[in-house]
Every structure is written in structure tokens, then in C-alpha cells.
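S.K.: Residue-level listing of the chains:
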Amino acid sequence: MIQEIKLEKFQGPLDLLLQLIELEKLNITEVSLSQLTEQFLNFLDKLENDRSEELADFLVIATKLVYLKSKTLLPYLYPEEDEGPSLADQLKMYQQYILASKKVNILWSQNRIAYGRVEPPVKNTEFVLPLNARGEDLLKSMQKLVSRLRPVNPLPKITIDRAISVKQKVESIWNALKQHKKMNFKDLLSVAESKTEIIVSFLALLELMRDQKAFINQDSAFGNMEVNLI
Amino acid sequence: MNINSQLETILFVASKPLALKKIVKVLQVEETAVSEALANLCFKYNNQESGIMIIQNNDEWQMVANPDNHEAAENFLKAEVSGELTRPQLETLTVVSYCGPITRPELEQIRGVNCSLILRNLMMRGLVKEADDPSGLLPKYEVTMDYLRHLGVNNLNELPDYDKLHNHEHVSITLAQSSEPAA
Amino acid sequence: MNINSQLETILFVASKPLALKKIVKVLQVEETAVSEALANLCFKYNNQESGIMIIQNNDEWQMVANPDNHEAAENFLKAEVSGELTRPQLETLTVVSYCGPITRPELEQIRGVNCSLILRNLMMRGLVKEADDPSGLLPKYEVTMDYLRHLGVNNLNELPDYDKLHNHEHVSITLAQSSEPAA
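Protein sequence lines correspond, in order, to chains A, B and C.
Per our numbering, the first sequence starts with residue 1, numbered consecutively.
Per our numbering, the second sequence starts with residue 1, numbered consecutively.
Per our numbering, the third sequence starts with residue 1, numbered consecutively.
Extracted from the complex, chain A is given alone in its bound form (with noise of 0.2 Å):
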């Protein structure tokens, strides 16, 4: 990296890759958006610590780029088909409302506001009781507004919290092959708690293999992963 991007200056993971992109002076394409794979990892541990309510939108881009990472590493596994778009078509997409919300920006700045005007009110000569606003209107409303602002279950604060960073993930998965060395993929995530813990520990095995310290047997699609030491 030549420089170093703070985790202040940028919004979101797409925010983010178009950052890396432009500090790498990169095209957005597949194949550059899966060289920053790793970099954009990196950033997953310390949003852990300073912005962890913004931890899974980031997951969600950090497993397309592993996905395509692992494409690029292994692209005898994927077959060529119509996916879609791809994650740099929506990093395209991204890139052009940024440049349009900056022209949006000049015109909001210039205070060229376009004034309406203010017909002085015709005021009832007396006071009308509007059909719809009865004690048993108000009742209903004010139960409806109540049962609306219950509050959520902090439901993601406790899933973050359990959510076990990579950096952690990579250690216990090393620690487990260096004592058993070789392992099942599918016993290393008997232990995940979640969703987000069993791609951290995809994301953790990738980091394994590509510091060379271990590699993946798989003798046919969904097949068994085994998970060797080097």
C-alpha cells in the first residue's frame, strides 16, 4: 500500500474499494478488485473495534471478494455462467452517484432556493371537529404510534459481540492444524456460532493458504474439505 487510508475517510465498503482503487490506480475490474482482497480484510479488524454496528455490510463485500479472490486463485473450479452483475458492475454503479452526488452538491450549496409563498389561512369562524379526530381516533393512533417505536432487540449488538475477528479465527484454526495436522472444514466450523462466524472462518482458511502454511484437499464438489498443514 502506498499510503495509508484512515478509517474515518470512508463511509462504507463500497466507499472503501473505490478508495483503494484510486490510491492503486486501478481499473475497476474483476481481476483488481480481487488483488485488494486481502487490504480490504485488513480493514475488517479494526472496524471491529471503532465500528462494529457497520460490521456486516462490509462482510457482505468482503465474501464477494473472496469469492473473487478464490476465482481468480482456482478458476478451474468456476465454470463460466451468467451471474449477474458483478461486484465491479455495482462498483460502477456506485462510482457514478458519487460523481453525480457532487454535482447534486454545487447546486445545494448555491442556496438558489426557489420560494413558495405563504396565502394568509382562512380561519373557521368557528371551531369544526374534524370526523377523524375523536377520543377513540386519538386512542388508536397513539396505540399504533406506541406499538411502532417498540424497540428493536439489540439483536446485532449481540451477534458482534460473540463475532470472532479473523486475526482470532486464523490463530485457532493454525493452533487446532499444528496440533491435529490435517483437519475437516466442516469440524473447524462445528464450533461457529453464526452466519458471520463461518465466514470468518472461510475468510480465515483463505488467509492460512495464502501465507502458505496450509492447504485444502477436496476430492469433488461439496465434497469434503480437508484441511492440511504445510
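What the hints contain is simulated information worked out from the structure, not anything from laboratory work.
Just so you know, nobody snuck in bad clues.
Cut-off 25 Å, straight-line C-alpha distance, at most; resulting in silico cross-link-like pairs (PhoX-like, lysine-lysine):
#1 C:LYS44 to B:LYS44
#2 A:LYS92 to C:LYS164
#3 C:LYS21 to B:LYS78
#4 B:LYS25 to C:LYS78
#5 A:LYS123 to B:LYS16
#6 A:LYS123 to C:LYS16
#7 A:LYS92 to A:LYS25
#8 A:LYS102 to C:LYS164
#9 B:LYS16 to C:LYS78
#10 C:LYS78 to B:LYS129
#11 B:LYS22 to C:LYS78
#12 C:LYS164 to A:LYS103
#13 A:LYS140 to B:LYS129
#14 A:LYS140 to B:LYS140
#15 A:LYS123 to C:LYS25
#16 B:LYS78 to C:LYS25
#17 B:LYS164 to A:LYS140
#18 A:LYS123 to B:LYS129
#19 A:LYS123 to C:LYS78
#20 C:LYS78 to B:LYS140
#21 C:LYS22 to B:LYS78
#22 A:LYS123 to B:LYS140
#23 B:LYS140 to A:LYS144
#24 B:LYS78 to C:LYS16
#25 A:LYS144 to C:LYS140
#26 A:LYS144 to B:LYS164
#27 B:LYS140 to C:LYS16
Chain C stretches covered by chain A per the calculated footprint, using a threshold of three residues with CB under 8 Å from any CB of chain A:
#28 55-66
#29 81-90
#30 93-101
Keep in mind that this is a model prediction, so the values were computed, not measured.
Glycine residues also receive a C-beta, built at the ideal position from the N, C-alpha and C atoms.
Following the hints, complete the assembly by docking chains B and C onto the known chain A.
M.R.: Chains B and C in isolation, oriented as in the chain A frame:
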């Protein structure tokens, strides 16, 4: 600068009679130029097909609705202040009833939407008014006595389930969240 | 009865955005006749020399002053201040401007981030509102007339590159994707 256009704009937004001198001062042009522009504007608007008219009273000028359409205009304005409440209006009135006196930011925090137009309408209808509260920096809103009387109650706490709903915990939690940083 | 003239009067006295349906109800004529009259009125007013403009936000209409004359207008009205927009606000407003009415999942699909807080924030600021769309299961969001007035555009389609970004080749596919069950 286009005098005709600017004149049209200020007569439109002023919503009241404007003295020629005042127009001259605002537009910062010669009086003759303003008079000419006023004549142009009268020529443009003052015909039977127009929905807007320019009227002159001595040296005062005003943009008004075409009197031929006064029935349509009145029907519209009356419906605004006497018809059924829209769902957002009813909800706003409800919050003011059960949680008032209440400031606009508090009201908006509870409803999650901007309420300025709705409050204006409810005040025009005589359902809501600004509370007499000299201490507060922000105006607080409450329902009017007229409204309460028409509901057949003497006091807010006679509203159905008032005690339960007045300080409902969901409402206070929502209000407490107002200081959260903007996303 | 002259529909053009009556429509002009109603928009003049309304002092706020009017939904097409509401106009139809007030004028008691066919919707097609109102649409035609609205088009006539836009043709009459919407040129640079006019001091008054007709602006449209999806199915809402409002008569406003020409934004080029905002300084003259501010002699008679309290100047509205646009205030700065944060980047997330700006980004969200842009997507809602070009793609609205839009559901939250669709918006999130484009921005790649959760948008519930920012939408609430923009609704309380009166820049975004829920679109009146009883058919949809999910609420759809659109920008408000106040937002259009502050940009000084008569219609969202006057925004730069509107056609390209409104009908973006990937938007429809991306949006179709977002409605699939979560992977």
C-alpha cells in the same frame, strides 16, 4: 437583471399589497422602469383566462387569485381546515394530545419525520396552539381548549388511557435517542 | 369553467405542494384533464424570464418563485438556509433523487451500507419522505418538494445525467437481486 421577472417574483412571495416606493427600493431601479414593468405584468395577467390577477389600489400593488375562481379557491382552503385529518395529521395531533406540551424537535423525534407543515395546518384548524411557556427556548405545542371541549373532556388526563400512554416507556426511549450522532 | 385558470388559482393559494389526486378532487374533473392543464401551465411559466415557476416532484406540484430571483424574494421572506449536507446525507439524497421512489433494501443494495438511520435523519430534516404508495409491501422513499426547491430545479429530470442514472443499466438488475432472499 430582468425587472419583469423580479417584479413578478416579489409580488408572488409578498402575499400582500406592495407600495410602488417599496418595489422601487427592493429592485433598485428607476420608478419609471417599475411602472413600465407593472404595466407589462398587468397586461400578462389581467385577462379572464388567468388564474392570477394583478390589482392596484392607489399606489399599492398586489398579486391575487382571480375572483372568478373564488369558489374553487375557497372550497380548497376550507377543506384544508375542516375536512378529515390525514393519517400524518391525526398522528401528530395524537402525540401533541398525549405528550404535550411538546417541542417540535421532540415531536419529530417521536414521529421520525418533519412536522412543520402539519403543525401549521393543525394550528390553522384551531386544534393545536403554542403553549404559554415563557421559560422555554423552543416553543412548545399543546392542544386547544376548544378541541378538548369538543372531545367532551375538561382535562387532558381524561383522554382514554392517558396515564398509560402519557409517559409511555417506548416514547421516552425514542426521545432519549435524539442525541445520537447523525449517520 | 376554465380548468387552466382554476388550476392556476388553486396552485397560487395552496402555498404548498399539492398531490395530483388532491387537485383532481378539488377541481372535480378527470385526471387526464388536470394533467393536460398542468402541462399547459408548465409551458406557460417555466422559462427563464418568468418570475414564477411550476415545479413537480413525482406526483406533487407546487407554484414557486423563480430561484434566480431568490435574493429579491428574501426581502419579503425569511431567507431559508440550506445548511450543509454530510457525505452520507448527500450520497443517500442523490440515490433517492435519481432512483426514487425506492425501497430501503434497494437503496442499501446500491450504497452497500445499512441506511435506516440516515433515512430517518433525512426524513426529520424534511428532505426525504415516504412515497404515497399503498400497493407496495415495503415503504418507498422519495425526495421532498422542499429539497427540490433548495436545489432550484423544476423537476428531478433536470438533474445532471438524469436519464443515464435514472435508468441505469445495472440498477434494475441490482435491484432485482436485492429482492431475492438474503444469501
